[in-house]
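Residue numbers (our numbering), protein chains in the order written: chain A, 9 to 425; chain B, 106 to 280.
Calculated from the structure, these hints are not laboratory results.
Hints should not be assumed to be uniformly reliable.
No farther apart than 27 Å at their CA atoms in a straight line, the calculated lysine-lysine pairs in the DSSO-like style are these [to be verified]:
(1) K406(A) <-> K368(A)
(2) K158(A) <-> K269(B)
(3) K276(B) <-> K158(A)
(4) K262(B) <-> K158(A)
(5) K93(A) <-> K12(A)
The structure presented is a predicted model; accordingly, all values stated were derived computationally and were not measured.
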Amino acid sequence: MILKADPDKVLRFLEDNFELLSALYRVQLEHNLILQEQFDEMMASKANVVARRLFDYKLITAQANGFRLNEPVRSFMGFLLNEFKPLLPEELKKYYGGFNGLYERIRESSDGDILILAERLDAIYMEVQQFLENVESNTGQLLRASQHLKANKADYAYSERIRRARHLIEYYIEPLNRILDVQKENSIANLLNTVSSFVNIQRFQHPHTGIRTRFARLHELLRDVDRQVLRQSHIITRELLPLIERLQTESEILTGWLYFLERPLLNEVPPMPARRKFSITGSNIGASLHLFLQQFERRPKEIVFNEAETKSINRQHLYFDRKRYQKQLQAALPVSNYFSWCLDIMHQYEQMPDTERFLKISSLVFENGEQYEMVFSDERIELEMEDAVFDLPVIELKARSTSVAESSINSDHAVSR
Amino acid sequence: MQYPDNHQEVVNALLVDGRFLLEGEAEFMTLKQHLDFYESFFVHSFGTNLQFFGDYAFLQSDRDTDPFSRDVCIFMGVLCYELDREGYNLIEQLSFHTLEFDQVEQMLEISSFREVMEATSNLQDTASRRNFYNRLQRRHIIEKLDDNTFRFTPAHKYFLEFAKNIARSRKEEEE
Numbered sequence: 009m010i011l012k013a014d015p016d017k018v019l020r021f022l023e024d025n026f027e028l029l030s031a032l033y034r035v036q037l038e039h040n041l042i043l044q045e046q047f048d049e050m051m052a053s054k055a056n057v058v059a060r061r062l063f064d065y066k067l068i069t070a071q072a073n074g075f076r077l078n079e080p081v082r083s084f085m086g087f088l089l090n091e092f093k094p095l096l097p098e099e100l101k102k103y104y105g106g107f108n109g110l111y112e113r114i115r116e117s118s119d120g121d122i123l124i125l126a127e128r129l130d131a132i133y134m135e136v137q138q139f140l141e142n143v144e145s146n147t148g149q150l151l152r153a154s155q156h157l158k159a160n161k162a163d164y165a166y167s168e169r170i171r172r173a174r175h176l177i178e179y180y181i182e183p184l185n186r187i188l189d190v191q192k193e194n195s196i197a198n199l200l201n202t203v204s205s206f207v208n209i210q211r212f213q214h215p216h217t218g219i220r221t222r223f224a225r226l227h228e229l230l231r232d233v234d235r236q237v238l239r240q241s242h243i244i245t246r247e248l249l250p251l252i253e254r255l256q257t258e259s260e261i262l263t264g265w266l267y268f269l270e271r272p273l274l275n276e277v278p279p280m281p282a283r284r285k286f287s288i289t290g291s292n293i294g295a296s297l298h299l300f301l302q303q304f305e306r307r308p309k310e311i312v313f314n315e316a317e318t319k320s321i322n323r324q325h326l327y328f329d330r331k332r333y334q335k336q337l338q339a340a341l342p343v344s345n346y347f348s349w350c351l352d353i354m355h356q357y358e359q360m361p362d363t364e365r366f367l368k369i370s371s372l373v374f375e376n377g378e379q380y381e382m383v384f385s386d387e388r389i390e391l392e393m394e395d396a397v398f399d400l401p402v403i404e405l406k407a408r409s410t411s412v413a414e415s416s417i418n419s420d421h422a423v424s425r
Numbered sequence: 106m107q108y109p110d111n112h113q114e115v116v117n118a119l120l121v122d123g124r125f126l127l128e129g130e131a132e133f134m135t136l137k138q139h140l141d142f143y144e145s146f147f148v149h150s151f152g153t154n155l156q157f158f159g160d161y162a163f164l165q166s167d168r169d170t171d172p173f174s175r176d177v178c179i180f181m182g183v184l185c186y187e188l189d190r191e192g193y194n195l196i197e198q199l200s201f202h203t204l205e206f207d208q209v210e211q212m213l214e215i216s217s218f219r220e221v222m223e224a225t226s227n228l229q230d231t232a233s234r235r236n237f238y239n240r241l242q243r244r245h246i247i248e249k250l251d252d253n254t255f256r257f258t259p260a261h262k263y264f265l266e267f268a269k270n271i272a273r274s275r276k277e278e279e280e
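Modelling step: build the complete structure from the supplied sequences, incorporating the hints.
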């Protein structure tokens, strides 16, 4: 193959026209071939020289009914874009024959010609490497395809999703799993295992140094393959299969519900036990009662009771009838325990007895102090209100001599007039 | 004749309350340990079949099925459809996650299956659905975690299986 330019120049051309080449790659990925019309359409906005160089640099070759990217270019673009068609497992299976043939030959010739043995070892090394790369890109693509199916559920009808999911499982994922399953007798993983144990012995036993090095290198690679295959196999069993299966069951469930909801009141429903009430105090009474009471549980929280507000409003409306208390006090004299009398009288007349009211009542005696005679005793008394406890002396209250009292009442009248 | 411990609780739960027994309950354990006994006990005493699955169990009778079952199916059907439409992972959401009543209500309100819900007296509006949720809880199909959150118990799988079977039998018919 004669290139009409230096390799680095070709690479630069590829870089300059990367978008065009990606587009070509994608068309070929989809249709296996770039048709003349498609090619013309893509080249319409390009200079003629670009088209000419594509052929000059052998990036593209003409075929009977269209064009193809040259194979090395195609795989390079695939690698760059990380977009492939997943390989059919049959394509991977060809490696089984390759490995097996080479392995047999190597075993046979391990005591013979050094040169051909070295070449065969190199060949199997390359093959294994290729196989590994293929498997990796394959699981990657399958995972992507399944995730795509999962994420773009709006794009596909349910039946279409099931069909695609089944297709992926049946033709790609399960066969790939069989290839990678070490437990299966005919799997490639199993064969590689056998090769590996043979190579492991040879890398110490073989008399020739160069060959020993090759065996050792192959052994390293095979160990790596072992790890990689295990990882890929894990991806399949742990991610791919559940993902696809879930897709399938979910679609099934939804399809089922959609059928059901077409005629929701006529379709049959799954039998379900009815409750049986044997006696009035059955075990469900407790639960029902609890349920019944539950609706009240939240009520108090919903109605916010602001204490400060209600009190101040009421206070405005409640009138403190000083005169009445004065009269009551006069009538009650002598009082043996003044403060407890105040408490009693408050409870008797007040609709909303509280501390403040109590203090107002007990101040009566100080307003007309000259009418009363107070006798303080040493005893003390504790009176409890709703928000306070008063520790008060016991006071005995008597009326002062009448003349003084009358004159003071008269003077009161004088002031009011 | 010796009855297993918890016998009364088992019978009460399955027969009187008509509810699902779930793995983790003492009654479920008793049932599991004396499965043969209970299978014949319920058939011979009450003519009902004990349905025992890995993580839930209940009594099935051909003669009397609770109309509640239809309500549950309609509710589950619409909910599954809406969850899927909103891009949730259906099975994961029902099996492992909690749901909020507010969120469910919102989904049902805007659902394209509103007509179906309105035609079902137990599901027609928020008030009747609140009642419905309580009944789901009583039958141990959901478990309320607090006022607003709940999760489905394994019993919901019974209804999902039902849906799967519809899809399968329809498919067979078509083929």
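Here is how each hint holds up against the structure:
Distance restraint check for K406(A) and K368(A): the Cα-Cα separation of roughly 20 Å lies within the 27 Å cut-off, and the hinted pair is therefore satisfied. Distance restraint check for K158(A) and K269(B): the Cα-Cα separation of roughly 19 Å lies within the 27 Å cut-off, and the hinted pair is therefore satisfied. Of the pairs offered as hints, the one joining K276(B) and K158(A) holds, with about 22 Å between alpha carbons and a cut-off of 27 Å not exceeded. Of the supplied pair hints, the one linking K262(B) and K158(A) holds, its CA atoms being roughly 22 Å apart against a limit of 27 Å.
For the proposed pair K93(A) and K12(A), the alpha carbon gap of about 32 Å is over 27 Å, so the pair is violated.
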